[in-house]
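Peer 1: Keeping the supplied structure of chain A fixed, place chain B upon it in accordance with the hints.
Those protein sequence lines, which keep their order, are chains A and B. FYI, in numbering that gives the first Met the number 0 the residues of the first sequence are 0 to 117. FYI, in numbering that gives the first Met the number 0 the residues of the second sequence are 0 to 145.
FYI, nobody ran anything at the bench for these hints, they're computed from the structure. Just so you know, not all the hints are guaranteed correct.
[What the hints assert, rightly or not] Chain A is faced by these chain B residues, among others (derived, beta-carbon under 7 Å):
id : residue
1  : Val5
2  : Ile8
3  : Ser9
4  : Ala12
5  : Thr50
6  : Gln71
7  : Leu125
[Stated by the list, open to error] Sample of chain A residues with no beta-carbon within 10 Å of chain B, all distances over it, derived:
id : residue
8  : Glu52
9  : Val67
10 : Ala68
Idealized CB from N, CA, C, for every residue including glycine.
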Amino acid sequence: MSWIDTPAIAKLSDYLDLAAFRQTLIASNLANIDTPGYRTRDIDFEGEMRRAEERLGAEAAAPRAFEVAGLLERPDGNNVSLDRESMLLAQTQLQFRLGVEILRQEFQGISTAIKEGS
Amino acid sequence: MNLLGVLEISGSALTAERQRAEVLASNLANAQTTQTAKGGPYQRQLVVFGTRRAAPSTFAEALWGFSDRYAQGVEVKRVVADPTPPVKRFEPGHPDADSQGYVAYPAVNPIEELVNLMGAARSYELNVAAVQATKNMISQSFEILR
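Chain A on its own, in the form it takes in the complex:
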């Protein structure tokens, strides 16, 4: 870890990676809303975040996606819930934005230090 790589930056980049990964899954779920037999998939965001913290600095492991249980299944075997995915879409967007904003603050702090606060 170099002096510019603060733990906060590493953590935030994990956070953004997870948000982007979840966006992939949400897009897949929405794309397959009319595919017979398709099962909704998601990640355990908090669990993955904790896992990322434990291996901080080590090589990144791919997050684990699983099939979501307990959703209402349609007769064609598809269980994508429009409400659930729309909510997650909005939530993930905001999470990503939050991560970007904090990361920017972090870099600005370093920049201020470099420029001696001027």
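Peer 2: Structure of chain B alone, referenced to chain A:
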């Protein structure tokens, strides 16, 4: 993790839903067609959707080696003909009437097709919303560079 690959997924859904709408529109247009190239009345067509891995030769793949095994798009696997027998209507003067005076019309229910068409349009909108969300995230990530 890259967000441009997410656009590929939503894009595949836009293509698939548009194809579905095209097939539905063709069913509606041919609801009264009694003559086709292979003879007999028009047969109602149905699309079959299936999941699809992100295409291997896409832009995102070339740029970042995007081969996420969880990224699943959608595609129209095949278009099948509805085997429902044609509807017979008594029209003795019609050139396609059989010896008893019955004409075979396609088994197309316009209301059913319209409801499906609305479903396709809504799914299309839904995936457009997903594209917008992803686009916003991508342009926000440029903010880090400022």
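Peer 1: Of the hints stated earlier, which fail here?
Peer 2: As far as the earlier hints go, not one is violated by this structure.
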